[in-house]
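**Student:** Those protein sequence lines, which keep their order, are chains A and R.
Counting in our numbering, the first sequence runs from 1 upward without gaps.
Counting in our numbering, the second sequence runs from 1 upward without gaps.
Heads up, a few of these hints could be off.
The following label-pair restraints were derived from C-beta to C-beta distances [as the list claims (entries may be wrong)]:
1. A/G53 - R/S18: 25 to 35 Å
2. R/K20 - A/K3: 24 to 34 Å
3. R/I12 - A/S7: 28 to 38 Å
Among chain A residues calculated to face chain R with C-beta under 7 Å, some are [unchecked claim]:
4. K41
5. A42
6. P43
7. M48
8. G59
9. F71
10. Y96
11. Y98
12. T102
Honestly, the hints are just simulated from the structure, not real lab data.
Heads up, the beta-carbon is just placed ideally off N, CA and C, and yes, glycines get one too.
So you can see what is in the structure, the chains are spelled out below.
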Amino acid sequence: EDKVVQSPLSLVVHEGDTVTLNCSYEVTNFRSLLWYKQEKKAPTFLFMLTSSGIEKKSGRLSSILDKKELFSILNITATQTGDSAVYLCGRNSGTYKYIFGTGTRLKVLA
Amino acid sequence: GAVVSQHPSWVICKSGTSVKIECRSLDFQATTMFWYRQFPKQSLMLMATSNEGSKATYEQGVEKDKFLINHASLTLSTLTVTSAHPEDSSFYICSASSPVSDKAVYEQYFGPGTRLTVT
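Please take these sequences and the hints and turn them into a complete structure.
**Tutor:** Encoded structure:
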């Protein structure tokens, strides 16, 4: 089945903690995987991953794709309360379409 | 990054009426746009793929006669919820697809969403 599974579903941590969010999928041949952060409104773009093993970084966030093991992770170091959000992972299906997971709801406590 | 706008941001309508939602790509041309629906605490559910100048492709289980999609130009797609009912109340989000440089991959940029409440 062509689906994207994210884990954990929900996570509560304290400020300063490091978190790792997981995204796994079942199709081997695809072009790109996207990570988004969603607060109260529409998702905002974080990363696009196209190649296996190459880490992308943006500040305290980083992400990597493992096409052989069929997963991607999103790391957030030194978490802040502003990181509280739902993190969505979407895998490319076909040319333009993306299939999204249910998301991981992260809450960072002060 | 590319900017996508939606209008309106929030709409309340009576049961049985129709509502039109607009999605615009502001600084790029989007041959393909997508319409999603999101219920509270759930993920994005793709409703349809909107292609400029042709009919939309609907996902399984989405009624094409109820959710009319028009993609008349490279910067505008509209979703019309016809004869809306309370169960259509949801957060509707559009996205526009843009190619990444010369690669055969496409990024998706989301609009801010439209919250529809049907009373």
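**Student:** All hints are to be evaluated individually against the structure, with a verdict given for each.
**Tutor:** Going down the list of hints, with the structure as the test:
no., hint, verdict
1, A/G53 - R/S18: 25 to 35 Å, "50 Å, violated"
2, R/K20 - A/K3: 24 to 34 Å, "32 Å, holds"
3, R/I12 - A/S7: 28 to 38 Å, "36 Å, holds"
4, K41, "5 Å, holds"
5, A42, "4 Å, holds"
6, P43, "5 Å, holds"
7, M48, "6 Å, holds"
8, G59, "16 Å, violated"
9, F71, "17 Å, violated"
10, Y96, "5 Å, holds"
11, Y98, "6 Å, holds"
12, T102, "4 Å, holds"
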